[in-house]
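Chains as they are written, first to last, in the numbering used here: chain Z, 5 to 315; chain F, 66 to 767.
Worth flagging that the hints you see were computed from the coordinates, not collected in a lab.
Any given hint could turn out to be false.
[Claimed, not checked] List time: in silico DSS-like cross-link candidates among lysine-lysine, alpha-carbon distance up to 30 angstroms:
#, chain 1, residue 1, chain 2, residue 2
1, Z, K192, Z, K213
2, F, K196, F, K240
3, Z, K258, F, K759
4, Z, K239, F, K759
5, Z, K219, Z, K192
6, Z, K74, Z, K89
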Amino acid sequence: MTQRRAPARTDTPGARFLDPKVLARIDNLDLLARTVVDSFLHGLHSSPYLGLSMEFAEHRAYMPGDDIRKIDWRLYARTDRHYVKQYEAETNANFTIALDVSRSMAYGSGGITKLDYARFLAASLAYFSIRQRDRVGLYAFDTEVVEHVRPSVRHLDQVLHALERVVPGRPGALGPPLFTVASTFRRKGIVAVISDFYESPDAVIDALKPLIGSKHDVIVFHVLDPAELEFPFDKPASFEDLETGERFPVVPEKLREGYRQMMREHVAEVQRRVLGQGAEYTLLDSSQPLDMALFRYLLARQKTRGSRGAA
Amino acid sequence: MPLGFLVPLFLAGLAAIAIPIWIHLTRKQRSLVIEFPSLMFLRQIPFKEDRRRTIHHWLLLALRALVILLLVAAFARPFFQGNAALAVSGTGPREIVVLLDRSYSMATTGRWDAAITAARQAISGLGPLDKVSLLVFDQGAESVVRSENDPGRLRAAIDTLQPGWGSTRFGPGLKLAQTILEESALPVRELVMVSDFQRRGWTGEEGVRLPAGTRVRTMPVSGGGANVAVADVVLRRDRFSGRERVAPSARLVRTGGDAEAEVAVVLEVEGREIQRRTATLPASGAATVDFSPVPVAERHTRGTVRVAGDVLSRDDARHFVVSPGSAQRVRVYTRPGAAGEASLFLSHALSISDESRFAVEVRPLGAGATDGLATGQVAVLTDVPFPLGTTGSQLRRFVEGGGGLLVVAGQSSAWGDDVDSWMGVRIAEPVDRLDGGGGRIGWVDYDHPIFQLFKGPRSGDFTSPRFFRYRALVPLDGAGVLARFDDGSPALIERRIGQGRVLVWASTLDSFWNDLAVQPIFLPFVHQMTRYASGRGETLPWFTAGQVLDVSDVRAMATAGLLQGTEEGLDLEGERVVIDPTGASVRLPGGAGPHYLVLEDAGFYTMRPPGTDQDRPLAVAVNVDLAESDPATMDGEEVAAALSATVAEGDGTGGTGGAVDLQRTDIERRQSLWRLLLVAVLALLAAETVMANKRSTAVATS
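Build out the structure end to end from the sequences listed, making use of the hints.
Shown next, in the form of structure tokens:
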């Protein structure tokens, strides 16, 4: 079955429902996820069952005792032999979301914070995965795992509740919690890591390596606020680090270009290093719709099915 | 016009301007805090130094720096130095003090006109900002015009001036001039003295210290020629055919001249010429003119000895006032039936007087003996007990009302305890000093008026008299011992009781108990005791111009010869009018005194207080101070040099040091720029507050 990729444009029909600011008005995270996913799928002009796991696998010769309802009568007509359609048993993949809830994720220059945006994203991905018959789990972490929902097809509600429950509070660190996440997996799956990655590229890669090394399909969602990308400040002020509380007198006009340059280099380096490790990387602007993230998920899902089929 | 500072040390405070600059460079934006996810990139950008050196609020910084600048300048006491420079250079507005001598020597022919001309000359050429003060002085000083710039008013004031009757004393005038010059804020100060500069007016101890930079200019005036003055008049009293007479004797002094001159001398009584004499006076010589005795029948008889007019008419007359019966009345009480020797020496001693000072009456002490005692009299108890009953009471009232009591202790002297406490003296048994040649006076209070006469060398030896017996006296509270015997016993005790005085002499005043009566000091000693007991001073036949008389004081009036203590019904507390020698009336208020009559002019002051004979007004003679007739003068330059020496250090001619500092102080005080600066500081602070608040509000909003 061929997937048709829709362009990731904000003017996509239904995109208005994916606008984070609009989504922020929906209190119910379940409803929000349904809205996002249904709108996204509607925009793709594809079957609502696209990607269902009840797919044909192979034919085999009928043997006594087989269910006659599984005989492929069309093939019998052509070959005059009884063949039975054999479907691949749908065990589906584990989809785990590793969500950074450190203090820095509480930043937001627009209507929503990075954490809100990440929460919407995680809920949408979880709902989408359930639609794919995947098992959904959640790890929320800062310097350690603070919320954990074991992957299961019946744990969507728990995931959504956990997402609603998490609050940013402490400084964050990628390495220890992601190592914990990797060590708890018993089977391969898809891991979506959502964070602002305020660590050096080396530290980011080191943190992701346990997941990548465990043959998980790792999708990195790098969530940043537009102000972090553009540094639009113009008046001298004391900038306070949300995680450390450190204050720093800054004259923005003197620093803007240098900051932008360093941020661009940081993003590019993280992306390069992540892709180099075989993981997916997506930079998300918290002011942009969520469809790009969903597309990335689908790509990763497709990749997972491909690799499994190949296997 | 350059700017100077009185306290330039405060300018060091300008360093404080660095404070707002430093704050503007280094202060943190505490008002605006932006939370940011991570500072990991910002921290890596090298920008700190550049940021800290950036000053964003130039206007605020300028305001704050200006506030400090003005504040420091205010404390440094700025002033514009233009006037100080003028002071140093001796130009600029002037404060001129014209000190004009109006002593009576200036009335010498030609001198006053010259003085007026000189004063007019001193005020000529006044600048628009110059100020002139016109002072006149003799033994006192008076401001006629103070800091006036109108030449017309000044000339009019000068033209109204006339020489007075006082004598020359430079001190008061210079003191007043010093005060005016010190109070002046003008940069140039001048003192112009117009005088004949009589040497006796300058003592060298005037205590004047003219302000720094004061220029002293003297304008001496002279004129006249030989002058004859009536220097003194001696009034010798005697009695002839029971009538009291006065024989005036005038002493004439001639200054100047180059040959003998005959001068007509006239004695006037009550304004009428009585006698005329002619005196021959050598050049710069003197002569005495005796007049025949003149009966003095009426009280307050006014007399004048006058010589013919000359270049200085004001010392050509000598006025005096004499009254009959002015002798001190003394009543001596003796024991009834006692020998007359007890009071013989005393009464004779009091009777011996050139001017009939004492009128002695001897009475036995009995009933009614004290009748007729009046204030001003003296009662003497010679060896008698203090009277009892009515007589004693009368005697006490007499003393308390102002009478004098002299108790001469003898064998019969005695009094009770009540008299002890009243008199302040307790009398004890006689003390015999027959061994060793008798006792002597061992200590005398020579500062007491009784003994002052004997204070000088060879003025009387109180150790000569020998005392063989005397009564032991014990002074009580309120009594003072004036003399003691060589054994320490009081010899003379005094006590004031009411308005009167009591003297107690421990021994007799005859030849029985001592030999004092035959000693040379006996007569003056008895006179002094009697006069002191009366409380009456020496009657003055005249006053000197410039003196004052308290017309509400009985004793002062008696000293002036106006009262004798016998005037009954005299009202000294009512309002009275005094006619001065010029005929003008001077009204003196009534009520309790003192009420001073200033005797400014020579001649006769007359008054008619209620209760006196309206046909014979009380009269006071006033004469000029003859010392003013001394022709010796000083050189004007000598006076100027002496005054220049009193100018504060660093005078204007030097142009440095203290003088300039004083000028700077004066100028700064006058300009008071620091007040304006403080007002400006307040205004700037208000503006700074408004601006800073607006900026803070804008930052908070953003």
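Each hint tested on the structure:
Of the supplied pair hints, the one linking Z/K192 and Z/K213 holds, its CA atoms being roughly 14 angstroms apart against a limit of 30 angstroms. Of the supplied pair hints, the one linking F/K196 and F/K240 holds, its CA atoms being roughly 19 angstroms apart against a limit of 30 angstroms. Annotation: proposed proximity of Z/K258 to F/K759 holds, straight-line Cα distance about 25 angstroms (limit 30 angstroms). Between the alpha carbons of Z/K239 and F/K759 the distance comes to roughly 16 angstroms, so the proposed pair stays at or under 30 angstroms and holds.
The hinted pair formed by Z/K219 and Z/K192 meets the criterion: a straight-line CA distance of about 6 angstroms does not exceed 30 angstroms. At roughly 6 angstroms between alpha-carbon atoms, Z/K74 and Z/K89 fall within 30 angstroms of each other, so this suggested pair holds.
In the structure shown, no violation is registered for any of the earlier numbered hints.
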